[in-house]
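Chains as they are written, first to last, in this note's numbering: chain D, 48 to 294; chain U, -12 to 660.
In case anyone wonders, no lab produced these hints; they're calculated from the structure. Be aware that a few hints might be false.
Claimed, not checked - Below are the EDC-like pairs computed for lysine to aspartate or glutamate, each with C-alpha atoms no more than 20 angstroms apart in a straight line:
no., chain 1, residue 1, chain 2, residue 2
1, D, Lys195, U, Asp119
2, D, Lys126, U, Glu404
3, D, Lys139, U, Asp408
4, D, Lys58, U, Glu568
5, U, Lys293, U, Glu308
6, U, Lys578, D, Glu94
What the hints assert, rightly or not - Facing chain D, from chain U, some residues (calculated, C-beta under 7 angstroms):
no., residue
7, Glu48
8, Arg63
9, Gly134
10, Leu135
11, Arg170
12, Phe508
13, Glu574
14, Asn621
To be verified - Per label pair, the in silico range of CB-to-CB distance:
no., chain 1, residue 1, chain 2, residue 2, range
15, D, Thr263, U, Asp516, 24 to 34 angstroms
16, D, Asp197, U, Glu269, 44 to 54 angstroms
17, U, Lys561, D, Asp163, 30 to 40 angstroms
18, D, Lys126, U, Pro(-4), 51 to 61 angstroms
19, U, Ser517, D, Ser178, 53 to 63 angstroms
20, U, Glu192, D, Asn73, 49 to 59 angstroms
21, U, Arg300, D, Asn285, 48 to 58 angstroms
22, D, Thr263, U, Lys561, 50 to 60 angstroms
23, U, Gly193, D, Asp279, 54 to 64 angstroms
Predicted model, so just to flag it, every value in this text is computed and none were measured. Where a beta carbon is used, it is the ideal one built from N, C-alpha and C, also for glycine.
In case you want the letters, here they are:
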Amino acid sequence: MDLLLKIWRQKNSTEKGGVQNYRIKNIEPDMSFLEMLDVLNQQLINEGDDPIAFDHDCREGICGSCSLVINGAPHGPDKGTTTCQLHMRKFKSGDTIYIEPFRSSSFPVIKDLVVDRSAFDRIQQAGGYVSINTSGNTVDANATPIPKPDADEAFKSAACIGCGACVAACKNSSAMLFVGAKVSQYAHLPQGKVERKERVINMVEQMDKEGFGSCTNTGACEAHCPKDISLDNIMRLNQEYLKSKIL
Amino acid sequence: MKPNDKKFPIPSRVPDGNIQNKWEKHKGTIRLVSPANKRNIDVIVVGTGLAGASASATLAELGYNVKTFCFQDSPRRAHSIAAQGGINAAKNYQGDGDSNYRLFYDTIKGGDYRSREANVYRLAEVSANIIDQCVAQGVPFARDYGGLLDNRSFGGVLVSRTFYAKGQTGQQLLLGAYSALNRQINRGKVKMYSRHEMMELVVVEGKARGIITRNLVNGEIERHGAHAVVIASGGYGNVFYLSTNAMGSNVTANWKIYKKGAFFANPCFTQIHPTCIPVSGEHQSKLTLMSESLRNDGRIWVPKHKKDVEKIRKKELKPTEIAEQDRDYYLERRYPAFGNLVPRDVASRAAKERCDAGYGVNQTGQAVYLDFASAIYRYGKEKATSTGQDTKNKKLIKKLGKEVIKAKYGNLFQMYEKIVDENPYETPMQIFPAVHYTMGGVWVDYNLMTSIPGCFTIGEANFSDHGANRLGASALMQGLADGYFVLPYTIGDYLADDIKTGQIDTNTKDFEEAENNVREFISNILSNDSGNSVDYYHKKLGKIMWNKCGMSRNEKDLKKAIEEIRNLRKDFYKNVFVPGEPNNYNEELAKAGRVADFLELGELFAIDALERQESCGGHFREEHQTPEGEALRNDAEYTFVSCWEFQGKDKKPLLHKEKLIFDSIELKSRSYK
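Just chain D, with the same shape it has in the complex (with noise of 0.2 angstroms):
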């Protein structure tokens, strides 16, 4: 199939960018969206240019460094897939694609579609954990029995792979549903429950310091999220943060 691209350049995060347009022929429907991109930048360094800078590392939806906004959607139009994992048999020959980075005042870019999404390690390193050191000296795994429906919920939250596709989706750039998948997990967990109320207090401070909005509940950040974190996890987290806060 044969495509015109229009891509975000950006040099670096203090100059001013714009969009480009790439004519693209001869793409193959079984290619990834990231083939299809190292396809372009071959042709780009084939002709001297600079090739376009975008994150992706495993390429098989789990790493969470791949982001970008196609036409209009953080990770494009199929649901519950991250870009790496979209193919080009979702789009036909003629069609004009739009490629951004996630925008939003917490993610700088660095240049072209690469962010800077350093803010949700530092939400992370605010209260992410449990505080236990990892001498190995704990109780046998199995000492704690813990129901399987929280487990499984407990999972659910963890499988957030830090992406950022809430945030760029949310016209209030709200970290809300990556901060409460995460605290969520430890919620659902006998082994999270010592530390619930300083985490949430410090994670939700970091994350207003760090510049994120809030939540008004429009649904955007589960609707692309590519892992399908359910919005639940932002009511959790409220709940959360009121029991500490309140209670």
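Starting from the structure of chain D, add chain U where the hints point.
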């Protein structure tokens, strides 16, 4: 190549005594550093996968000042995140006869008797503790309805000792280690450097004292000093270009220390994983694994008759239309005791054998089926019986069975469908072997120290535990064992000499020289204004490796590979074109550095494969096989670790042999029949 038959030059530091007591005894006798002195000691860790993140966290907890580096934008993205199936531990929760000894035995046997006994026993010994640790951290492992931890089976063993979190075990374990790391970053005990690439090791008076890094955002070349350097940068499977590794996975950190004197051990020991999604075309950038856990329930087969194969390739026949008696479940046929759960090397070779014989089931002839139909039926019937539903209703049974399979492997099935555009609940998966893991790596002693004092290597980056073939679910176990429970203690034995050293000065000749080397490489590689892209060379190297150093190897091809790689390397330095600037975000420049190192490693890989004139584990030499086509080891001459010492640019490396001694296990030929 004339091997060096002299005595192995460096002690392996394996303690004396009974194998069950070695680690306890060692821990009780090695030197310690007092908490007050630990505060004056700096340690660098390169890599933030399971090994690097867990080591960084634990070293910081103990009191050391840690600087941790990763090339990704966040430590959470290291490729351990992609491990799917599970982690082994000798917990014996299933009461099926598991024990430390059995895990030890299975690992040695699975590795085809080419690993160091004492290291493997220690791994088995600390395995149970890993699970306790991870649960305490809040890792949400799969549980049964009683609330206790669930287990499944992996290849090459006859017990259920694998703990898992759906098909995302690596993700959950890494996020656990990442959380421990974050806690230490928050305490100020770990300084984290993301988007940094290690470009050089700095050796001062024979000791590792720091590294040179490149900041991948602004291109700055930085000097970092420390009293010890720990490399946890993973494996080198990307030397094949196509592999299940992440795009950025590379050998650079390991290669830099090799060139500074660390021995590289068994570089040719590579794991080709039997169940990956087949290559679909020239555009392919990486391969995707379908977890080994699928072999718990999936049956592998090809058609028995060539006429059916041809019809399938022409799409005139569907696999579901082939009758049971016309299918060849070749693993169950050849290996009745282990069946579909033979070790990876055996399963991969068996798939290759069928495809080479002309029974491959897709257009390229490079695919076999992994079929879940009978598991869906079995689970469906079980569910119908236990819930009192109609056990004769086939439609209902299929529906119930699919639900069970979905709960177990849902994310893998979804991933398969996205990539291949076929529904694996309805038609068998197509799979083919692909490069997955490298057992070879930098040589380390029992303390995990390389042949450079003060330089340590942990996780997949070292050679020590998996011999010539790694068993499924053992990589996660080793990464966390090294990082949480081994290195943080053994490193003290070395650092005890450094309590009075004081901070490492980076304004010295050694640092300057190392930095100049890096700058020189960068300016050279950027000097061409046109030419071939970095990927052009990487793909070419990958083809040489796959065709001549892949699933089966022979003298003629290996010699040819060495020559071709040398020529390709020359061409690379002459004609590679790297656009952009050095002092900016420049992914092509980062890739060029990695591919330059792969182009050197590839040659050593082939040299090692040529030198090892036997078949063992993943290393299959066509000249050495039984009449049935099984790997034929040569214990009399090759019961050793091949350790290669760098001798200078374009000079032949020197081979040292660390003899492997088996006191606790009898050397036997491996049989899974």
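Q. Can you give the numbers of the hints that this structure goes against, from lowest to highest?
A. Checked against the structure, the hints that fail are numbers 12, 14 and 15, while the rest are satisfied.
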